[in-house]
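So you can see what is in the structure, the chains are spelled out below.
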Amino acid sequence: MKEQDPRPLDTLQDIRRMMQRSSRFISLSGLSGVSAGVTAFAGSILAYRWIRYYHEMNSADEDLFHNLVFRLLMLALVVLAIAVLSAFYFTWRKAKHHHLPLWDLTSRRLVGNMMIPLGAGGLLILAMLQYDEWRFVSPACLIFYGLALVNGSRYTLSDVKYLGLLQIFLGLANTQFPGYGLYFWATGFGLLHIVYGLIMWWKYDKEPASAVKE
Amino acid sequence: MKNPITGLNKIFESRIRMGVMSILMVNEEVNFNDLKQLLEVTDGNLATHLVNLEENGFIKVHKGFVGRKTNTTYSITRSGEKAFQEHIAALENMIRGVK
Chain G
1 MKEQDPRPLD
11 TLQDIRRMMQ
21 RSSRFISLSG
31 LSGVSAGVTA
41 FAGSILAYRW
51 IRYYHEMNSA
61 DEDLFHNLVF
71 RLLMLALVVL
81 AIAVLSAFYF
91 TWRKAKHHHL
101 PLWDLTSRRL
111 VGNMMIPLGA
121 GGLLILAMLQ
131 YDEWRFVSPA
141 CLIFYGLALV
151 NGSRYTLSDV
161 KYLGLLQIFL
171 GLANTQFPGY
181 GLYFWATGFG
191 LLHIVYGLIM
201 WWKYDKEPAS
211 AVKE
Chain Z
1001 MKNPITGLNK
1011 IFESRIRMGV
1021 MSILMVNEEV
1031 NFNDLKQLLE
1041 VTDGNLATHL
1051 VNLEENGFIK
1061 VHKGFVGRKT
1071 NTTYSITRSG
1081 EKAFQEHIAA
1091 LENMIRGVK
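Chains as they are written, first to last, in the numbering used here: chain G, 1 to 214; chain Z, 1001 to 1099.
What the hints contain is simulated information worked out from the structure, not anything from laboratory work. Some clues are possibly wrong.
[Said to hold, decoys possible] Straight-line alpha carbon distances no greater than 25 Å define the calculated PhoX-like cross-link-like pairs of lysine-lysine that follow:
hint : chain 1 : residue 1 : chain 2 : residue 2
1    : Z       : Lys1002   : Z       : Lys1060
2    : Z       : Lys1036   : G       : Lys96
3    : Z       : Lys1036   : G       : Lys94
As the structure is a computational prediction, the values presented were derived from the model and not from experiment.
Working from the sequences, and respecting the hints, build out all of it.
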């Protein structure tokens, strides 16, 4: 390595880039938020229809009720799987595009720090279901997911924190309107994700029109 | 070690050593494999630079275990932090044209 011409500006930029790259996961794509939001929204509409259909039947049949509960749980799992996979896909694409690793120090920390509130919230919700306590399932989903985002925001784009705070706020508001869980859930996981994803895409991912062709 | 005219630290003129210091400035502890992945260098190359930094007292090495595998982590020392900050300040001064 030659000593002459240290090019101080380039060096400082390298230092800054390395500090940022090693402390935050920056490949998180805005489109991941949009795809997760669309999935959640579609799932909510389906759940709404099933529930409405059940009420229209106006029957006290236990089997019908258990069938509804089972289908809703399956729907929740499928929605979760599609949302996570599609979010993963767009983030993987962005990382590849920038030649950055998807699984490194920063993404590991991000996932690890999100898993703590998510795991605790998930177990709490299972306990609620165990005692047939439905009223706080949607608020708990929103609140613990919001906490996970706030906790994870230190390891990725800091804007994620505001999405988290909004989810927590929605979840707490939902506790005062116990019969409207699905609406709050659809707003938080559907609408907020789509709006947030579009803003993030606009802010970080949008390429100048000339460079779009891959 | 320091260039009396520019105030730049010769040790940090290597891109790899500069990279290691940048990473350790913002991360409490980083292990060997993560450093390797972030800097995109080979084992041997990275090891040499890490020994150099350690010998200068800029970084600390902790040898530990994860299960049965060795897990060596690195962190910055007080004097390392100070030296690197002075190096950054010197670079900034060069840009401003301050002598």
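Subject >> Violated constraints from the hint list, given by number and in increasing order >> reply: Failing hints: none at all.
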